[in-house]
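S.K.: Construct the entire structure; sequences and hints are all you get.
Residue numbers (the working numbering), protein chains in the order written: chain F, 7 to 501; chain Z, 7 to 501.
Keep in mind the hints are simulated off the structure, nothing from the lab.
Keep in mind that a hint or two might mislead.
If several chains are the same, the list does not tell them apart, and a pair holds so long as it fits within one copy or across any two.
[Said to hold, decoys possible] Derived BS3-like pairs (lysine-lysine); straight-line CA-CA distance at most 27 Å:
1. 279 <-> 450
2. 279 <-> 28
3. 167 <-> 16
Protein chains: 2
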Amino acid sequence: MFESAELGHKIDKATYDKQVPKLRADLLDAQFDMGELKKYQVIILVNGVNGAGKGETVNLLNSWMDPRHIQTHAFPPPSDEERERPFMWRFWRALPPKGKIGILFGNWYTDPIVNRALKKTKNADLDQSIEEINRFEKMLSDEGALIIKFWMHLSKDAQRKRLKALEKDKDTRWRVTRTDWTHFEMYDKFRAVSEHVLRHTSTGHAPWIVVEGADERYRALTVGRILLEALRKRQKIEQERGWKPRSAAAPLPPATDSRDLINSLDMSLAMSKKKFDKDLEKYQGRLNLLTRDPKFRERSLIVVFEGSDAAGKGGSIRRITGALDARQYQTIPIAAPTEEERAQPYLWRFWRHIPRVGRVSIFDRSWYGRVLVERVEGYCQEGDWMRAYAEINDFEDQLVRNGAIVAKFWLTITAEEQLKRFKEREKTRFKRFKITDEDWRNRKKWDDYEHAVCDMIDRSSTEIAPWILVEANDKYYARIKILKTLCDRLDDALR
Amino acid sequence: MFESAELGHKIDKATYDKQVPKLRADLLDAQFDMGELKKYQVIILVNGVNGAGKGETVNLLNSWMDPRHIQTHAFPPPSDEERERPFMWRFWRALPPKGKIGILFGNWYTDPIVNRALKKTKNADLDQSIEEINRFEKMLSDEGALIIKFWMHLSKDAQRKRLKALEKDKDTRWRVTRTDWTHFEMYDKFRAVSEHVLRHTSTGHAPWIVVEGADERYRALTVGRILLEALRKRQKIEQERGWKPRSAAAPLPPATDSRDLINSLDMSLAMSKKKFDKDLEKYQGRLNLLTRDPKFRERSLIVVFEGSDAAGKGGSIRRITGALDARQYQTIPIAAPTEEERAQPYLWRFWRHIPRVGRVSIFDRSWYGRVLVERVEGYCQEGDWMRAYAEINDFEDQLVRNGAIVAKFWLTITAEEQLKRFKEREKTRFKRFKITDEDWRNRKKWDDYEHAVCDMIDRSSTEIAPWILVEANDKYYARIKILKTLCDRLDDALR
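M.R.: Set out below in structure tokens:
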């Protein structure tokens with residue numbers, strides 16, 4: 007990977023001075039164009055060897071382009087709010103919205119490489135990180151982001167010279183730390199690990215660009231030209247035909263007989279009011295105790311509610327919150343995304359509501375909207391909802407590995423029961439129970455929704471975050487099943 | 007304040023059971039109405055004596071209304087991200103958007119009261135806090151928020167009984183801590199401080215409602231009814247005539263002669279290219295050193311740029327960022343507010359960009375938009391921009407007290423110079439320099455803007471955050487004046 011970046015590339019001052027003014031003007035224009043279009047964001051990663059000019063490159067890009075539309079993020083040790091959430095949370099926070107450029111400096115590559123070189127992790131861990139990174143970047147790219155990854159490289163000899171030169175100059179001496187020299191001693195180790203990582207994360211949608219960092223002018227011109235090229239190419243695609251990620255999704259067939267997960271449920275399950283009252287008290291009490299368990303202070307609980315209209319999500323949520331201290335939970339009703347949310351990758355608006363430890367987040371509808379309503383109503387492309395299954399599994403995997411307990415409930419009612427509830431609601435005095443035209447429209451797509459739900463469960467019911475199907479024709483039965491399941495899940499997790 | 011809340015109020019079970027169902031239904035309806043209208047947010051503060059049912063009240067409101075549209079916030083010890091910003095930052099973060107209810111539990115009243123009772127602060131500090139709170143709540147109310155403040159009270163005797171009862175029951179024992187008893191020993195002290203605070207913060211727009219907390223049913227019914235009443239009253243006003251804060255602003259007259267701050271500037275000030283090059287290097291070097299000074303790690307720098315179109319804000323910003331490490335600063339271009347920002351009080355969108363310590367935020371246009379473009383173009387009411395001067399002074403005061411260095415630059419050019427620059431820009435190849443129709447339109451209001459600028463400087467140039475007027479007909483002169491001023495401000499602050 008690094009051979010061409012150890013050739014001693016150089017640009018003389020005359021050539022540099024001649025080329026820079028046009029390059030800067032072109033970069034500014036390209037930045038302006040993408041900022042006007044607001045169709046995609048540019049994510050620039052800057053990584054590489056110490057002393058190879060990473061910081062200089064970031065500063066240079068800021069000075070060549072309009073810094074008002076560049077968001078530069080470095081990642082010093084995480085804050086406590088960051089430490090209490092999955093590793094990737096801080097990077098999600100730093101993603102630029104469409105129309106902007108984000109320069110991420112010391113990003114999701116830093117920890118995996120450094121930890122492996124320092125032998126804090128094993129090869130298997132590194133390979134897992136690589137896989138996760140590849141899936142993450144694929145998702146960003148599929149969501150429309152233009153990703154440009156620069157690796158600033160120096161040969162061992164060049165790095166020694168560079169560190170010495172920096173130390174010699176009183177203005178730059180502060181930049182060389184003891185850690186830099188310790189890492190230099192491990193140059194070969196770092197090189198091997200980096201090469202492994204680069205080789206396995208250089209993908210078609212986000213290839214690495216290795217830049218020799220020894221000569222400042224060569225480095226600057228190279229980075230500037232590659233960036234300009236990438237911006238122009240993407241802009242051209244957007245203008246000519248609109249950018250679309252490639253999708254090669256096989257169609258999802260419905261079951262070849264008429265049996266499916268939903269219509270196999272026993273919808274006659276019910277419970278008496280008397281038993282309900284008794285059980286409600288019992289399980290609410292247990293849930294309250296569990297969320298006050300000292301062990302829960304290091305965990306978090308994420309509850310997801312999905313279900314047909316009028317299946318009783320709101321009522322079930324209130325039976326859970328009734329057991330909790332209001333200071334401990336947030337309920338998040340998912341409606342149409344806001345403008346700021348629409349300018350980000352799909353999952354961004356859920357990441358922002360991930361709870362800190364010791365907290366509960368209850369989602370009334372969720373990230374599954376993409377494979378349910380968006381799929382059925384055609385709000386997104388087939389490729390988008392097809393890839394969502396894998397993205398969602400990744401997302402939940404990160405939550406669980408960080409200590410979250412994820413409970414997902416699908417509330418099922420029969421078409422007849424829904425009709426009955428719609429009619430009841432139309433008569434009721436509570437305004438919040440208004441039936442909208444949309445509710446009636448959704449009903450007509452009952453079979454499409456059922457098909458989507460079965461696919462969703464097949465593809466996203468995992469061992470770490472299984473779907474719980476709730477037969478909800480009878481509200482008492484449904485609410486107790488939900489409360490009991492939640493208690494059991496918490497019990498298992500905290501034991 | 008507390009007399010009526012020590013009478014031993016009680017509601018019998020029969021009355022309670024009879025009244026609650028209708029109250030709950032009405033509350034739900036009222037919540038639904040305000041949620042549909044999305045014209046204002048409801049901010050409920052819950053404070054009071056330990057054991058008086060604060061937590062129970064919060065939980066009750068969540069169970070009576072739809073918890074999906076209530077955001078409950080408690081305020082445990084601040085996170086490091088919160089500690090590095092002004093005291094009020096965490097409360098701004100927790101404000102509900104229009105259409106939602108926010109319950110703030112342990113809010114901006116807690117620290118001032120507790121600290122005074124424990125003698126960590128003096129009366130003068132408390133009175134300063136009271137003033138700040140009053141101004142803050144007045145601002146919230148003027149911005150449209152409906153503020154409801156509940157103080158849950160217990161007589162000394164009732165508190166003793168209550169704490170003992172909680173301790174006796176094994177399910178509630180955990181809730182009584184040693185601190186609770188220590189505070190109980192200081193009941194009289196707390197009572198005196200609280201009474202002082204309540205008396206001085208019970209305003210027309212945000213009066214305290216003291217609720218006797220001894221009887222659970224009385225407490226619940228009282229809180230529920232008051233809340234319902236408040237919601238209905240406000241909803242009625244919105245429907246009948248639209249809610250408007252009262253404004254009794256005296257008009258701001260222009261100067262009675264034609265001299266003003268702007269036309270008194272010496273617009274012939276200029277600098278040679280040679281001196282500029284020398285000074286640029288000198289001051290950029292100094293600025294770089296200053297922002298790397300160890301003392302700066304405990305401070306932050308907030309730079310505000312305002313000025314006529316084409317006055318050279320962008321170029322000046324690039325001369326500052328050119329001296330800084332891109333990892334250390336963010337530039338924030340202020341354009342039209344997003345949907346999420348429009349649902350919050352005016353200053354919210356600036357609070358969200360307040361830097362942590364050791365960081366620099368550069369605002370390209372700022373919170374002064376309200377008293378400039380919004381005033382001149384009539385985007386807000388006279389009352390709104392009139393009160394903005396005081397609100398902005400409060401805001402900057404909080405920034406400075408938290409250690410921020412606030413530098414505000416107004417870039418002035420003459421009308422002739424602007425015309426020249428517009429014409430040059432129309433010829434230039436850089437697309438980012440496009441002149442829009444709006445630019446030409448703004449030019450026609452030159453005198454109105456000048457008047458607004460002079461008022462702005464008179465009313466918001468404070469000792470802690472003075473305006474620096476920059477004669478910007480000559481770009482070299484302007485840029486050096488800005489850099490030098492910044493260096494001097496930093497020098498003073500860090501010395």
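S.K.: Which numbered hints are broken by the structure, listed smallest first?
M.R.: Number 1 - this is the single hint that the structure violates.
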